[in-house]
Amino acid sequence: EKLERVCDDLVEQIVGKNHDYEYAVHWNHSRTNLHVHILFSERENQLEIEPKTYKKDIWHDKDTHKLAKAGAENAVLIHRKGDIQRNKDGSVKYKSEILQPKDTKFKTRKWMHDKNESIQSILKRYGYDLEITKSDSPYLAQKKLYKNARSDYLEKAKAWNAEVKRYNDGVRQHIELEPEQRENYVSIKREVLANVKEANAEERKITPEAVSLVQDMATWVHKTLLKLKRYINEKSKESEVLKRWEESKTKFSNLFRRSRDLRSETEAVKDKIDNFEQAKKHFADVIDSKLELIEEMQAEITQLKSLESRAYRGWSEEDYEEAIEGLDISERIEQAKEVLDRKERWYDDYER
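Just so you know, my numbering puts 292 at position 292 of the sequence shown, and the rest follows in order with no gaps.
Honestly, the hints are just simulated from the structure, not real lab data.
Computed from a prediction, not measured in an experiment: that's the story for all the values here.
All residues carry an ideal CB built from backbone N, CA and C; glycine is no exception.
Please note: incorrect hints may appear among the correct ones.
[Claimed, not checked] Simulated pairs of lysine to aspartate or glutamate, EDC-like, Cα-Cα distance not exceeding 16 angstroms:
(1) Lys17 with Glu155
(2) Lys143 with Glu155
(3) Lys251 with Glu267
(4) Lys223 with Glu246
(5) Lys249 with Glu178
(6) Lys115 with Asp261
(7) Lys165 with Glu198
(8) Lys102 with Glu44
(9) Lys69 with Glu50
[Claimed, not checked] Computed beta-carbon distance windows for the label pairs:
(10) Lys343 with Leu226: 22 to 30 angstroms
(11) Ala149 with Leu226: 34 to 42 angstroms
(12) Arg342 with Lys249: 31 to 39 angstroms
(13) Val286 with Ser151: 32 to 40 angstroms
(14) Leu226 with Asn18: 24 to 32 angstroms
(15) Arg230 with Arg182: 18 to 26 angstroms
(16) Asp129 with Tyr21: 39 to 47 angstroms
(17) Asp261 with Ser309: 30 to 38 angstroms
(18) Asp319 with Ser187: 43 to 51 angstroms
(19) Glu351 with Arg310: 53 to 61 angstroms
(20) Tyr21 with Ser91: 23 to 31 angstroms
(21) Gln100 with Ser187: 46 to 54 angstroms
(22) Tyr21 with Asp63: 51 to 59 angstroms
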């Protein structure tokens, strides 16, 4: 019943009252997109149409069927004054055309713009706050899941849409808490799209790297939002929140800057490889160095897990997150060792 009211209001606002229309509401295959198809006439209905009537009695000769004067020999009355005129097929004749001309407004850009605004206002009236994707919007747009699209496109588009939804949800919550951050998110969205465009440029399609960029941004937004909510709950000073926000924003900018620098360095290395032997040697060297780095990182991570599991045993997750915030792996290892040292000294003092 509510859905029908929404659709009726949409048609009345977008099409108008005096137009014939039909609509159908469907879910997409994965039931993630409820949408309505509206079929309408561009011609406005004639609400008052007058039929043609005879202004005088009509007589004709019963033998020749030609018009005749009233009272003439063989004259027969065939139509009385005021009778409705009809065509040969029996249909009624009207004083004006039944169909109005097509309304050209439905082909204008203004109508397209007004249509989107109407959809937004009507859905908001029913409790659905819809953000129209514009250049000055802080939100990322999802990809359309075309009915007969290739499976690889649908797979990547679904992954993209999931991360975009997570990102937009976080941005929406942050803007609700801090409306002044909207302009910051508009700038961030433009930078995200620029990096996504660069990531997709070579293959000209959605790449895992592009999805990963949005995924990282969604994670960053939700972490920032979590910190902000904690701050609000603890009633901290506003200046501290803005400071953390700017620090996070700077880290985000540095993240993309390092990503661009890395891609530039990679392209520069590729340009210097002028034959197969050089490429082979370079590739082998890179693999060896990466394997060594991975081994070192795995060793550090193994050591870190072992130390932190003993050092922070019994700590709350919030205290643990606060203790390691801003530290890299090496710093976390050293800190865990210090915590264990303090525990061992405490146990020694306790036993004595």
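Worksheet entry | Violated hints, by number in ascending order, as checked against the structure | Violated hints: 1, 3, 6, 7, 9, 14, 16, 18 and 19; rest satisfied.
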